[in-house]
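Peer 1: Residue numbers (the working numbering), protein chains in the order written: chain A, 16 to 377; chain B, 55 to 556.
Careful: at least some of the hints might be erroneous.
Ranges between beta-carbon positions, derived for each pair [unchecked claim]: (1) A:Ala-251 x B:Ala-399: 19 to 27 Å; (2) B:Asp-168 x A:Ile-152: 34 to 42 Å; (3) B:Arg-135 x A:Leu-166: 29 to 37 Å; (4) B:Leu-110 x A:Ile-152: 32 to 40 Å; (5) A:Tyr-221 x B:Asp-381: 24 to 32 Å; (6) B:Ser-367 x A:Leu-145: 26 to 34 Å; (7) A:Ala-217 x B:Arg-432: 24 to 32 Å; (8) A:Thr-182 x B:Glu-427: 56 to 64 Å; (9) A:Ala-251 x B:Val-198: 33 to 41 Å; (10) B:Ala-399 x A:Leu-160: 26 to 34 Å.
Read the hints as simulated data drawn from the structure, not as lab findings. Glycine included, each C-beta is placed from N, C-alpha and C at the ideal position.
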Amino acid sequence: MRRISPWSTPALVVSAVLITFVITAGPILVAGANPIEAYVAFVVLPLTSQFTLLEVLVTSTPIMLTGAAVAIAFRAGYWNIGAEGQLLLGAIAAAGIGTLVGGIPPILALPIMVAGGAIAGAAWAIVPALLRVRFGIDEVVTTLLLNPVALLLVNGLLHGPWRDPVTGFPESPRIAATAEFPTLVERSRLHLGFLLALVVIAAAWYVLARTPAGLRLRATGLSPHGARFAGINVGATILGAALVSGAIAGIAGVSEVAGIQNRLTGGLSPGYGYTGIVVAMLGTLAMPGVAVAAIFLGDLTVGASSAARSLGIPSQLGAVTQGVLLLTTVALLAVRRHRARRTDGADAGPGGAVDSAAEVAT
Amino acid sequence: MTDSAPALELRGITKRFGDLVANDGIDLDVRGGEVHALLGENGAGKTTVMRIAYGLAHADAGEILVQGRPITVRSPRDAIRAGLGMVTQHFALVRPMSVAENLALGRARGLALDLAEAARRAAQASERFGIRVDPSRRVADLSVGEQQRVEILKALSRDCRVLILDEPTAVLVPAEVDSLFGTLRALVADGLAVVFISHKLAEVRAISDRVTVLRRGKLAGTVPGSTDERELARLMVGRPTFGVARPSDGPVEAATPVLAISGLHATGAGGLPALTDVALEVAAGEIVGIAGVSGNGQTELVEVLAGMRRPTSGSVRVGGEEVAGGDPQRMMRAGIGRIPEDRHASLIGDLSVAYNLVLERLDDFRRGGRIDEASIRRHAHELIERFDIRARPDDPVASLSGGNIQKVLLARVLSRDPRVIVVAQPTRGLDVGATEYVRSQLLERRAAGAAILLVSEDLDELLALADRLVVFYEGRVVGAMPRADVDVERLSMLMAGRGAAA
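Throw the hints in and build the complete structure from the sequences for me.
Peer 2: In structure tokens:
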């Protein structure tokens, strides 16, 4: 019998973290550090001072948004790997709109910019979504391949029309002061984007858990055939999920432009869209899980970069840990699914493992 | 042939899937130089027992002997080594590769693959066994019949002495069947043993030396291939036992039909015609049973009525309203309640019972923009009580037993008071209690005036419930009769494609 008890999802994620620490102890030893010391530096130390704690939240902001974007698409059974490109399109829109809203008070300018970024992200998501819904073309490939295209678009703009006229740097003009996200805490980088991410998480949770549209989306992801049989318009549901996903990723781009960079730069996103996939999986596609996972990965990132300085180990060990964590989580979810699956049960596809975990967590 | 040990012998093969006994002490011996048919209805256990012999499944009990020696078959690799070959219904060919490459696969040793050598060997094998295929052609470009030949060639070129063919004619057009039979006769004359799995009486008689008949997982008998079709049909279907839950034998109201299908054509999964010019009517208060061996268009008919498959042409009317080609929503609005054979796929296993019960009509369970959880739970409690579902509202459907899953589907459908009920294999895999419950519910609906179309492979069930029977064979209606006039033998013949008119 297939049964997944609710407590087992947090237990699974905690096990994944512990297993990851065992595995990454190897590279850390090779780098010449004490693994225990390193993990304390990775996880605990960032939470012990106000400055680093706020940095953790700053770092978690974009990946909380891309994590929510990825999770919502995955829950619908739509494998959106294109959050990175959608984020960049949101960033382009924000950088463009941000320079035009100088005469408008922030109370209007900020919503316009956020909406513009969301629309741009959704627009970047629409073509693969239509190809999937209309022609059954695999969205994993199409959404992934659009990411480098979006990056080329960014670089084209930065080396072309938006190149800084004064310095000649490939950076767009600074956005208007009224378009900048206000900081939440004095003398820190924590900005409005973090609140926005929390609002998005809460809204996505509400829609998924409490509305008919959310139930249809979950049903579609769990069993497209069963959903269609029950009269749900599966194509429209997937399209909707893909667009919302793109929009949320677009907002992540707005948040980075308006909250951190204040302009479009080539290095705006060190792969936040891809890290969003890690966050979504680690959070087992449930919105509260996504929020916690984003903060945890933010913690790891901040911890790894300061450990690089204090312990003299390569800062890439943070990325290594994240990668191993993703693999371990996905592997444990798959093992659980395999164990629980009845001999005659149909496979729910690549995301099946996560789907039912999320169903418990919602 | 020499009178030595059988080429393949099975002794007491038993296999259970949960509560279901797929094979119950099956004995079978196949000699070199014979075509031995394994005949039975779908679900009789024919394929299962051969999958066990070939190592694709594992028996709970029993022995497998090759040339009189017991062998252990853990995987097809063991079976192949012992001289068995099997062509399953799903071909194991690499489609973008050539015939020669496919034949070389699994035989290639070392690092280098000599394609010229592979092609030469393929041509040789083709010549030696008299099976015509061009080794240089891509498998993807071959017809299904040609692909089957490649599969047979693959088995033969591994020196198999027993060739198992699982429903080999299901995918072939008549001319290809003749060609296959010619090939088999030549191979058997050379001493090969062939196991021919089928449910088609005419083919079994045409090709077999002996026939072993399975019925519901049990051995019904082994008879000579010359046995007449009537006797084979009797062995295959068995004499039905009566009296599980019979309808009150009132006369059917001669009302206008509630469900009227005419000139209906549809294609199946492979793009092949699945329904041809189907016409039937179901009146209010009537159960019309569709009899037929599975795979003769019943599934597609149910899919069309469920809104899951678009017919290519034809008419489906519900109370006079044309609904052919409608989607599931349209069919439900027209008043069709749908209970297909795959009950797991018709529900969402990872969602709760309560959600599954309302999924067809979420708009009735919303308050403002949100789901009305309270009324969904109330509704679930009510249906759980009324339909005696052994589950709590929050239990995921996948955690329930088969009988309770069927009750959830039944409750979802019947709670909407459909005027037409389309139901397929409603009691397959259910225990006695659940079976009786489901049947009594259908009879209750009949009494309440619903028009019920019942598809079942269980003849007992059709005879117990239906007012009229309609027989399907190869996507056509080949016979229709009131329940009172049913002659089981004639019915079996119609189901096997040997209609009196044909």
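Peer 1: All hints are to be evaluated individually against the structure, with a verdict given for each.
Peer 2: So, going through the hints one by one against the coordinates:
Against the hinted window of 19 to 27 Å, the Cβ-Cβ separation of Ala-251 (chain A) and Ala-399 (chain B) comes to about 21 Å, which satisfies the hint. Look at Asp-168 (chain B) against Ile-152 (chain A): about 38 Å separates their beta carbons, and that is inside 34 to 42 Å. For the hinted restraint 29 to 37 Å between Arg-135 (chain B) and Leu-166 (chain A), the CB-CB distance of approximately 54 Å leaves it violated. Evaluation of the 32 to 40 Å hint for Leu-110 (chain B) and Ile-152 (chain A) yields a pass: the beta carbon distance comes to about 34 Å.
A hinted range of 24 to 32 Å holds for the C-beta pair Tyr-221 (chain A) and Asp-381 (chain B), which are about 29 Å apart. For Ser-367 (chain B) and Leu-145 (chain A), the Cβ-Cβ distance of about 29 Å falls inside the hinted range of 26 to 34 Å, so the restraint holds. Distance hint for Ala-217 (chain A) and Arg-432 (chain B): a CB-CB separation of about 28 Å, consistent with the stated range 24 to 32 Å. The hint said 56 to 64 Å for the Cβ distance between Thr-182 (chain A) and Glu-427 (chain B), and at roughly 58 Å that hint holds.
Between Ala-251 (chain A) and Val-198 (chain B) the beta carbons are some 36 Å apart, a value that agrees with the proposed interval 33 to 41 Å. Separated by about 32 Å at the C-beta atoms, Ala-399 (chain B) and Leu-160 (chain A) satisfy the suggested range of 26 to 34 Å.
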